[in-house]
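Trainee: Take the sequences, apply the hints, and build the full model.
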Amino acid sequence: MATEAQSSSDPVSRALAFLGELSVDLEGAAIFDQDGALLGGTGENGQAWVEPARRLVAAAAGAEMGPVEQIHVATRDGEVFAVVQSGLTAVAVTDRFVLSSLITFDMRTVLRDLATQHFEAAAGDPATSAGKDEVDG
Amino acid sequence: MTPKPHRVFLDRVSGYADEASAYMRRRRHIRRSFARSYHAGGRSTEHLADTESGAELFEAASELLELARER
Numbered sequence: 001m002a003t004e005a006q007s008s009s010d011p012v013s014r015a016l017a018f019l020g021e022l023s024v025d026l027e028g029a030a031i032f033d034q035d036g037a038l039l040g041g042t043g044e045n046g047q048a049w050v051e052p053a054r055r056l057v058a059a060a061a062g063a064e065m066g067p068v069e070q071i072h073v074a075t076r077d078g079e080v081f082a083v084v085q086s087g088l089t090a091v092a093v094t095d096r097f098v099l100s101s102l103i104t105f106d107m108r109t110v111l112r113d114l115a116t117q118h119f120e121a122a123a124g125d126p127a128t129s130a131g132k133d134e135v136d137g
Numbered sequence: 001m002t003p004k005p006h007r008v009f010l011d012r013v014s015g016y017a018d019e020a021s022a023y024m025r026r027r028r029h030i031r032r033s034f035a036r037s038y039h040a041g042g043r044s045t046e047h048l049a050d051t052e053s054g055a056e057l058f059e060a061a062s063e064l065l066e067l068a069r070e071r
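As given, the protein sequences belong to chains V and E, one line each in that order. Position 58 of the first sequence, counting from 1, maps to 58 under our numbering, and the rest follow consecutively. Position 46 of the second sequence, counting from 1, maps to 46 under our numbering, and the rest follow consecutively.
What you were told as hints is all true, and nothing was included just to trick you.
Now the in silico label distances, taken between C-beta atoms and shown as ranges:
1. E:S33 <-> V:E44: 25 to 31 Å
2. V:E21 <-> E:E66: 21 to 27 Å
3. E:G41 <-> V:E51: 24 to 30 Å
Residues from chain V that face chain E, not an exhaustive set, calculated with beta carbons under 10 Å:
4. E27
5. A58
6. G66
To be clear about the criterion: a stretch of chain V counts as covered by chain E if any three or more of its residues have a C-beta under 8 Å from a C-beta of chain E, and this derived list gives those stretches:
7. 38-49
8. 59-65
9. 69-77
10. 80-94
Rather than coming from a laboratory, the hints here were simulated on the basis of the structure. Yeah, the Cβ is synthetic: ideal placement off N, Cα and C, and Gly gets one too.
Mentor: Written out as C-alpha cells, the structure is:
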C-alpha cells in the first residue's frame, strides 16, 4: 500500500505504514484521538475521513449498549472496520472478504503500541497535541 | 486395474480443493451486506439497513470506501 504515511517518520505515520504491511488487503486507514481529531491517515485527503468516521462511531454508539469497541460494516464494494482501543480510534477500509479477525487484531496491536507512545509524548510535552485539526461534535 | 497410490492421493487433494473453491463461490454469491458493532462487556448488535443506525453506518461506510479509493 503506497501511502504518504510511509515517507514520514512520526509514530502515527509509522503505525499506518506498519498496518499496511500487516494487512495486504488494506486500502486506506486513519487514526483519531479520543476527541475525534485526526492524528494521521493514508492518502492525501486524510482530513476528509474525519466526518464519516465520526458518524460511523456515533451511529454505533447510538445503540446504547455501552462504549463501542469495534465496528464492522460489509458492503458489496468493500469492508470498513473501526476499532477503539486505549483512547484512540482506527478506521480501516479493505477489499471484500478479508479475514476480519486478523484485520481487527492488527488494528488493536497498532493502536495499543501507538497509544503508549502517544500518551507518553503528550505527558512529556503538553504542546504535542497543538495544531491538530479538531472535529466538530 | 488398481490406481497408483499417488494418483489416489492427488484425486483426494483436488477433491478437497474443488469443494473449497465451490464453498468460496457460494459464500461470495450469497453473502449479504451487514453492519455490526461490538461493545464493552462482550455485547454486540447487528444494525439492519432499514434502521436509523444501520442506514447511518452504511452511508458512512460508503463514504469511507470512496475516500479510500480516490487515491
